[in-house]
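Read top to bottom, the protein sequences are chains A and B. Residue numbers 1 to 320, in the working numbering, belong to the letters of the first sequence in order. Residue numbers 321 to 820, in the working numbering, belong to the letters of the second sequence in order.
Source of the hints: derived by calculation from the structure; they are not laboratory data. Hints are supplied without guarantee of correctness; some may be wrong.
[Stated by the list, open to error] Derived coverage of chain B by chain A (criterion: at least 3 residues anywhere in the stretch with Cβ under 8 Å from a Cβ of chain A; other residues may be distant): (1) 395-401; (2) 414-424; (3) 459-472; (4) 508-514; (5) 633-643; (6) 655-663; (7) 770-777.
[Stated by the list, open to error] Covered stretches of chain A (chain B as the covering partner; in silico rule of three or more C-beta atoms under 8 Å from a C-beta of chain B): (8) 41-51; (9) 87-101; (10) 133-146; (11) 172-178; (12) 224-238; (13) 284-297.
Backbone N, C-alpha and C fix where the C-beta goes; we use that ideal spot for every residue, glycine too.
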Amino acid sequence: MSTSISVPSRAALTGVIAGFLALPAAAATCPAGFPNKPIRFVVGFGAGGGTDVIGRAVANGIEKQQKWTVVVENKPGAGGGVLNSWLKAQAPDGYAIGVNGTDSVTINPAQANVGYEWQDFDYLGSGMQTWYALVALADRPYRDLPGLIAYAREKGRATISVNGVIGEILVKQLAKEYGVNLVPVPGTGAAEAMTAALGGHVDATTQGTLHVAQIRSGKMRQLVSLINRRVPYAPDSATLAEQGSKTPPLESHTFFMTPNGLSPEIKTCLKQAIDEAVNAPEYKAQMAKFDNEALNLGEDGNIEINRRLAAFYKDALGQK
Amino acid sequence: METAHNLLLGFSVALSGTNLLFCFIGALLGTLIGVLPGIGPLATVAMLLPVTFQLDPTAALVMLAGIYYGAQYGGSTTAILVNLPGESSSVITCLDGYQMARQGRAGSALAIAALGSLFAGCVSTLVIALFSAPLTALAQQFRPADYCGLMTFGLVAAVILARGSPLKAVAMVMLGLLLGLVGTDVNSGTTRYIMKMESLADGIGFVGVAMGLFGLAEIIKNLEEREHQRAVMAKIERLWPTLQDMKDSWRPVLRGTAVGSFLGVLPGGGALLSSFAAYTLEKRVSRTPERFGRGAIEGVASAESANNAGAQTSFIPLLTLGIPSNALIALMAGAMMMHGITPGPQVMTRNPDVYWGLIASMWIGNLMLVVINLPLIGVWVSLLKVPYRLLYLGITMFCCIGAYSLNNSVFDIQVAAVFAVLGYIFIKLDCEPAPLILGFILGPLLEENLRRAMLLSQGDWSVFVTQPISATFLLLSLVLAALIVVPNVRKTREAAFVAD
């Protein structure tokens, strides 16, 4: 875990320094003549979703800071897989940049033969981490993870509606770790999982964003933070590790990628441009509105996570 | 009392200059994109979303909502005129609306659709204002097993949609169910029947299927007929509905509004079902069910009012729980978050101006839509006077643009093309596409809920009869199935029609 924590802070530091040196008109160091045409940001999910918003906000920042033209398009489908297949076949010239999530390169290839692996791409940086959590209705008799485990032990089982494969595997890991019957209930997405939990049809749910409003209104309680730290809107809800669990926290980031083989000069240029945009005040304000925050893990940070999680999910899904 | 006060606040917000303007822009845009086949509100809202970031949140939401329900109005126009359902909800409008147009009654059909939608829009807005909380509580009672019951009922009802042989209708429902299986299995993540095409991983796209089976297949059929003998359109007799049309329509509008208002609240597919359910209900209560599918104005009136009511009440889960009930409302949730308003139960108390302003704007927007649409009826109907050899080119082109714009991929055009050929074969075989579409839409929902119900009940099948909602729907399905198979009831009805 320690490596993944030190990497973002280093990246953030470079960002700050770059920002200082280049104030007020920030500009990345780019090879002469790059870019000589509009850059395409192709988002792996539909317009209006979380990934799309991040892609558009960063594109906007780059346009302002670098005076480039960045066109945002959407290529949704197969959990970001449609974009990855398409992107792999594009020329690595820096003009086609994918905006996608960690899960699309780590979980998709582990589930089926999709024709791409995480190594097929270069990573330019990331914009945000999804803050997953395990939440339950506030009037439930358990307030934290040990409470839920005890409840499951007493009742024989506990049902947890999950927002995707990432939540499903986590629930299975927890069940294995504690030796209790936790039943993940899959559906078509987070909204459905939330509906089931609010209606009291399941005992808890794993969520990425929808739960924040429910916590604010007092309807739901966060049992455990599923990422590596506590979150501002539920400061009393401890992390997995703090609650004594050995299950590793979830790491899903929205990153910027190109087909691999990008020239080092262009890569440096794009990495700087993205980092400047992610660290701009406008972008930070936007993330604050989402009850989240700007976070760029940089190239190395994303590679490290993708390598580790790809191996992890190959293992977890291969056992099925 | 408090509601009256809140509504007053809402109207004061909605009637302000900017909001009124954006309400109008939204309604107009919605009408336009609804009229262009294939270009749905989803694509439009997605494209306009970044623009709204510069606006005041209320104005942004008012405009986006206007596009959404405006498209419901506009979508019925192509369904009636050229048999092209832009959205799942207008599939049913095609059944009788297009037949009416062929009989030269396109004007009546369009006017009734607009007036029915206006009534439904106004009533369902009132429903949102007054009954959001109890309806939400009721919707939350629906467990996976209950959804299974509802879907089963829907599938049995699909057979009623057909005007011809029930056996063929059953076959079409089954085919629809099979097509719905294509894609990723929700429980295991395994892909099914995708034939190594990653674009199929999320299933076959609805727009391509509907566009091909209805609109494009109809074009092929029409082109097959010789120019001089082509009876594509009868002479247009009048633009406005007769008094008799009005008399025939008011009850279906009322019933459609009631059905749509309730089903719209159910998250996940509720609004989708509303026009199907309302149409089925009308056909069942009608003394002359054999007229349905042959240009019955009741069919248009009920389906249109139900889909508009459903479209509007599907905002309820977003407003009360913060849960988007379909892809388009999810976009609106995104827009709210962009403006720093977290959708959820606290919006009503924390941002009452936004909440009540949005609700009041729906009223105003619906009124605007009728004002926009009624004068346009003449324009749309006169489009039918364009020689078909030119008209079909335009329709086909817009279909391709619309299909492409869904995912920015040629794949969806290919899907539409494949289903156009399939649809043509169905026309030749006298098999109707509506039951197939219903099976296609309900199949995945049924499967998913069935598996969830089984997970939650630990494999105990008795949940379907022990849970009252599920049991009620299954009982209703049985009754309906019995009514369909009782042969002499059908016989007499057919005979009555022939004698007519």
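Tested hints:
no. : hint    : in the structure
1   : 395-401 : violated (count 0)
2   : 414-424 : violated (count 0)
3   : 459-472 : holds (count 5)
4   : 508-514 : holds (count 4)
5   : 633-643 : holds (count 4)
6   : 655-663 : holds (count 7)
7   : 770-777 : holds (count 3)
8   : 41-51   : holds (count 5)
9   : 87-101  : violated (count 0)
10  : 133-146 : violated (count 0)
11  : 172-178 : violated (count 0)
12  : 224-238 : violated (count 0)
13  : 284-297 : holds (count 4)
Hints 1, 2, 9, 10, 11, 12, counting from the list given before, are not met by this structure.
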